[in-house]
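S.K.: Assemble chain B onto chain A, guided by the hints.
One line per chain: the protein sequences are A and B, in this order. The first sequence begins at 1 in the working numbering and counts up one residue at a time. The second sequence begins at 1 in the working numbering and counts up one residue at a time.
Since the hints were made in silico from the structure, they are not lab data. Errors might be hidden in some of the hints.
Note: identical chains are not told apart, hence a pair may lie in one copy or across any two.
[Unchecked claim] With a cut-off of at most 27 Å between alpha-carbon atoms, the simulated DSSO-like pairs for lysine-lysine come out as follows: (1) K95 - K253; (2) K412 - K165; (3) K9 - K412; (4) K9 - K405; (5) K31 - K412; (6) K317 - K278; (7) K415 - K9; (8) K14 - K278; (9) K317 - K277; (10) K6 - K399; (11) K415 - K84.
There are 2 protein chains.
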Amino acid sequence: MKILFKNAKILTMKDGHIFEGSVVIEDNLIKEVGEVDLSASYDEVIDCEGNLLMPGFKNAHTHSAMTFLRSKADDSSLHDWLFKEIFPREDNLRKGHIRELSKVALLEYISGGTTACLDQYFFPEEFKETCDEFGFRNVILGMYDEKVRPNEQILKMYDEYNNEKDGLSKFVIGMHAEYTGKPDMFDKTAELLEKTHSPFYTHLGETASEVEDCLSRRGMSPLEYFDSLHFYDYGGAIFHGVYLSDKDIEILKKRHITVVSCPASNMKLASGVAEIKKLLANEVNVALGTDGPASNNALDMFREMYLVTGLQKIISKDPVSLPAFEVLKMATVNGAIAMGLDKAKYLCPGQYADIIMIDLQKPSMQPINNIISNLVYSGSKDIVKMTMINGKILYFDGKFRIKEKISDIYDKVQKMSDELGIIRKS
Amino acid sequence: MKILFKNAKILTMKDGHIFEGSVVIEDNLIKEVGEVDLSASYDEVIDCEGNLLMPGFKNAHTHSAMTFLRSKADDSSLHDWLFKEIFPREDNLRKGHIRELSKVALLEYISGGTTACLDQYFFPEEFKETCDEFGFRNVILGMYDEKVRPNEQILKMYDEYNNEKDGLSKFVIGMHAEYTGKPDMFDKTAELLEKTHSPFYTHLGETASEVEDCLSRRGMSPLEYFDSLHFYDYGGAIFHGVYLSDKDIEILKKRHITVVSCPASNMKLASGVAEIKKLLANEVNVALGTDGPASNNALDMFREMYLVTGLQKIISKDPVSLPAFEVLKMATVNGAIAMGLDKAKYLCPGQYADIIMIDLQKPSMQPINNIISNLVYSGSKDIVKMTMINGKILYFDGKFRIKEKISDIYDKVQKMSDELGIIRKS
Numbered sequence: 001m002k003i004l005f006k007n008a009k010i011l012t013m014k015d016g017h018i019f020e021g022s023v024v025i026e027d028n029l030i031k032e033v034g035e036v037d038l039s040a041s042y043d044e045v046i047d048c049e050g051n052l053l054m055p056g057f058k059n060a061h062t063h064s065a066m067t068f069l070r071s072k073a074d075d076s077s078l079h080d081w082l083f084k085e086i087f088p089r090e091d092n093l094r095k096g097h098i099r100e101l102s103k104v105a106l107l108e109y110i111s112g113g114t115t116a117c118l119d120q121y122f123f124p125e126e127f128k129e130t131c132d133e134f135g136f137r138n139v140i141l142g143m144y145d146e147k148v149r150p151n152e153q154i155l156k157m158y159d160e161y162n163n164e165k166d167g168l169s170k171f172v173i174g175m176h177a178e179y180t181g182k183p184d185m186f187d188k189t190a191e192l193l194e195k196t197h198s199p200f201y202t203h204l205g206e207t208a209s210e211v212e213d214c215l216s217r218r219g220m221s222p223l224e225y226f227d228s229l230h231f232y233d234y235g236g237a238i239f240h241g242v243y244l245s246d247k248d249i250e251i252l253k254k255r256h257i258t259v260v261s262c263p264a265s266n267m268k269l270a271s272g273v274a275e276i277k278k279l280l281a282n283e284v285n286v287a288l289g290t291d292g293p294a295s296n297n298a299l300d301m302f303r304e305m306y307l308v309t310g311l312q313k314i315i316s317k318d319p320v321s322l323p324a325f326e327v328l329k330m331a332t333v334n335g336a337i338a339m340g341l342d343k344a345k346y347l348c349p350g351q352y353a354d355i356i357m358i359d360l361q362k363p364s365m366q367p368i369n370n371i372i373s374n375l376v377y378s379g380s381k382d383i384v385k386m387t388m389i390n391g392k393i394l395y396f397d398g399k400f401r402i403k404e405k406i407s408d409i410y411d412k413v414q415k416m417s418d419e420l421g422i423i424r425k426s
Numbered sequence: 001m002k003i004l005f006k007n008a009k010i011l012t013m014k015d016g017h018i019f020e021g022s023v024v025i026e027d028n029l030i031k032e033v034g035e036v037d038l039s040a041s042y043d044e045v046i047d048c049e050g051n052l053l054m055p056g057f058k059n060a061h062t063h064s065a066m067t068f069l070r071s072k073a074d075d076s077s078l079h080d081w082l083f084k085e086i087f088p089r090e091d092n093l094r095k096g097h098i099r100e101l102s103k104v105a106l107l108e109y110i111s112g113g114t115t116a117c118l119d120q121y122f123f124p125e126e127f128k129e130t131c132d133e134f135g136f137r138n139v140i141l142g143m144y145d146e147k148v149r150p151n152e153q154i155l156k157m158y159d160e161y162n163n164e165k166d167g168l169s170k171f172v173i174g175m176h177a178e179y180t181g182k183p184d185m186f187d188k189t190a191e192l193l194e195k196t197h198s199p200f201y202t203h204l205g206e207t208a209s210e211v212e213d214c215l216s217r218r219g220m221s222p223l224e225y226f227d228s229l230h231f232y233d234y235g236g237a238i239f240h241g242v243y244l245s246d247k248d249i250e251i252l253k254k255r256h257i258t259v260v261s262c263p264a265s266n267m268k269l270a271s272g273v274a275e276i277k278k279l280l281a282n283e284v285n286v287a288l289g290t291d292g293p294a295s296n297n298a299l300d301m302f303r304e305m306y307l308v309t310g311l312q313k314i315i316s317k318d319p320v321s322l323p324a325f326e327v328l329k330m331a332t333v334n335g336a337i338a339m340g341l342d343k344a345k346y347l348c349p350g351q352y353a354d355i356i357m358i359d360l361q362k363p364s365m366q367p368i369n370n371i372i373s374n375l376v377y378s379g380s381k382d383i384v385k386m387t388m389i390n391g392k393i394l395y396f397d398g399k400f401r402i403k404e405k406i407s408d409i410y411d412k413v414q415k416m417s418d419e420l421g422i423i424r425k426s
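Bound conformation, chain A alone (with noise of 0.2 Å):
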């Protein structure tokens, strides 16, 4: 399969140049960029009537089935939002839930130009499907569970995840958080990064009091506990990364891991904003994620783009910090690093045909005075006119290309939500 993209802006994302120029896919790889042999044969021609060809967005931290809890409870306070609205809920899931509702989450991730996540949550294998049946790059965090998913299954799963021939799906090792681990998981975990040689991800320093509890409890932090047990050898990623010590951030630099920033969660959860500046200066990758759609409560990446600068912007009272195309690395190249997706990084010859198109006919795109500051400081969702994962196209001017009647998945969630979101009295 050869598809021609011709009449195009591009913008490879290897640095911040945008020049005119075509795209040639074969498969499911990007084959050629720039000038083509415009009259070689094509399976199908796409006149890109000279919108921008870009990498798609990688969001690198999201719990996707959580669309069945949005807008269910916000407004409330963190401690009551997640003992009385989140967890009751998440009790109810059952298998074959999480096959249905990421399914929206995918929908919203693929209309606003997200072309890969790394996704944690219960039933990971029902997520890889849903991922499959739609063709949506993932990433997958198997984390031990002492009932449900012993260190057998994982590694398991490890394999044939990552051994897939043309797999959509990788696979590496985490757990939720340091605050929620007994001690056999600490165990369990090093014994599945000593035979994998995974990254290790995690939430981490989301809120001050986690870090406070555990510094009185352990006398260090999250991140020096789980360094202290060589669970960043193979490097690795921090969830949220609000609460950082400067002892941290050297230790982040040392093992190569990346903090995935959630500027929209951390303000609607109040938790605080991270310092993206302080991390950057210190050569620390700082990647984005849009954490669930519980506490977001939206999946998109525009959002999350506007907002990590503008954050940056307000606390160190400087317009200059956290520069447009910065932030365009950070949504995308930057996922890619911390998700370990190398091909998945840039719009060059090798690459995952992940690539989005950008609608530069939106009024928020016009005038075309700079097309990175235009993505940057007013993209939003619209702009998005085609979504393409691994040579697919997903989506076009609206319209999905799924084979599933999309009313039919709303449908199905809606109930699902509706009977999940009963809490039962304990």
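M.R.: Here is chain B on its own, set in the frame of chain A:
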């Protein structure tokens, strides 16, 4: 002309209750809401397919024609931005420019669900012309200008615009700001207010230095100064209101002055965060504005809604701050109050037919657990399916119903933006 919207969910904004029913429009007004005679004769029947009808957003502070400066000078310091990038290019503006440059902004308002704006910029008569051409509701801020607009002319515009039969424009009196006001401007503005009894509008409390400078120059805050001149005897609004003393807040309350908060602009220019919670606790009316496209850079009321509550949650360290319905009121009813548009507050009989349809079939609106929460926390411009102003549909399903070809508008604005972008050495 009689239009029936049937099979709708309806949010009047009188309260947060949403019900199913129909809406009948007759000419430019809402005629019936709820259960209506579906078999009566209508010129057009629109099946809403269960989607939401609600009042359009009111953008209570903007400089629409600044589209030509969008993305021209981002990521620079406030002083350089204003004095090296913005002012020198604005000096290039001549007759004929504003008429064209405003068009891109109107397209962005309309497609993003904004049905009225309060605009403050050069050549207001040209802005009015474009609004009339498009069918966009507007409030124009007239300001005395020694060279181009003496009081005589302002009073003429005031009478004409406010007395037009079925006109889309209102005309009110304002100044740019205390810090740009020369002595004669205050005198001339006092004269205008005395003759018109207009509410008074101005930028106020945007930066800390603006307030400090005024305090040291005049021994009072800008708001105290304007109040001492009796400028607020007929109410009005201040734009931004980030830096306000307790005494200022007393004046706001006493004089029924709205604070038009512009959270995106204040964030991007690193100005600070307005204390909205405190203002509301003191019964001050708070509306929302985008500010101009050079400082935001989008003209997107969904962005402002998310930011105004998110930033309050962050600065107050309290996720309960500013719940969703309060925010939605700011973006609609409170804006109409700020702009003196008493007939554009609610989706109720007798009010202007300024209505938007929200596409509840977008993934970010699913599942439908709480529509108001969905609108504020996961809404974005792509969920606007239809925009009607003054009984006319200006946008439906991604297409504008505007006479002029959209690409012609863009071509003209691009050419102007390129020409006006050249800074002549002084």
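S.K.: Using 27 Å as the alpha carbon limit, work out where K317 and K278 are close: within a copy, between copies, both or neither.
M.R.: both (14 Å within a copy, 22 Å between copies)
S.K.: Evaluate K9 and K405 at a C-alpha cut-off of 27 Å and name the case that applies: within, between, both or neither.
M.R.: between (33 Å within a copy, 23 Å between copies)
S.K.: My question is about K31 and K412: at a cut-off of 27 Å on alpha-carbon distance, are they close within one copy, between copies, both, or neither?
M.R.: neither (39 Å within a copy, 37 Å between copies)
S.K.: From the Cα coordinates, with 27 Å as the cut-off, is the pair K14 and K278 best called within, between, both, or neither?
M.R.: Result: close within a single copy only, 23 Å intra versus 46 Å inter.
S.K.: When Cα atoms must be at most 27 Å apart, do K95 and K253 count as within-copy, between-copy, both, or neither?
M.R.: neither (40 Å within a copy, 56 Å between copies)
S.K.: Taking 27 Å as the upper bound on the Cα-Cα distance, should K317 and K277 be classified as within, between, both, or neither?
M.R.: Both: 12 Å inside a chain and 22 Å across chains, each within 27 Å.
S.K.: Evaluate K412 and K165 at a C-alpha cut-off of 27 Å and name the case that applies: within, between, both or neither.
M.R.: Classified as neither: same-chain Cα gap 32 Å, cross-chain 51 Å, threshold 27 Å.
S.K.: Go through the copies and call it for K415 and K84: within, between, both or neither, with a Cα cutoff of 27 Å.
M.R.: within (21 Å within a copy, 57 Å between copies)
S.K.: For the identical chains here, do K9 and K412 meet the 27 Å Cα criterion within one copy, between copies, both, or neither?
M.R.: So K9 and K412 pass the 27 Å test across copies only (21 Å; inside, 40 Å).
S.K.: When Cα atoms must be at most 27 Å apart, do K6 and K399 count as within-copy, between-copy, both, or neither?
M.R.: both (21 Å within a copy, 25 Å between copies)
S.K.: First find the shortest C-alpha distance between K415 and K9 inside one copy, then the shortest across copies, and answer within, between, both or neither for a cut-off of 27 Å.
M.R.: So K415 and K9 pass the 27 Å test across copies only (19 Å; inside, 43 Å).
When held up to the earlier numbered hints, the structure conflicts with 1, 2, 5 and fits the remainder.
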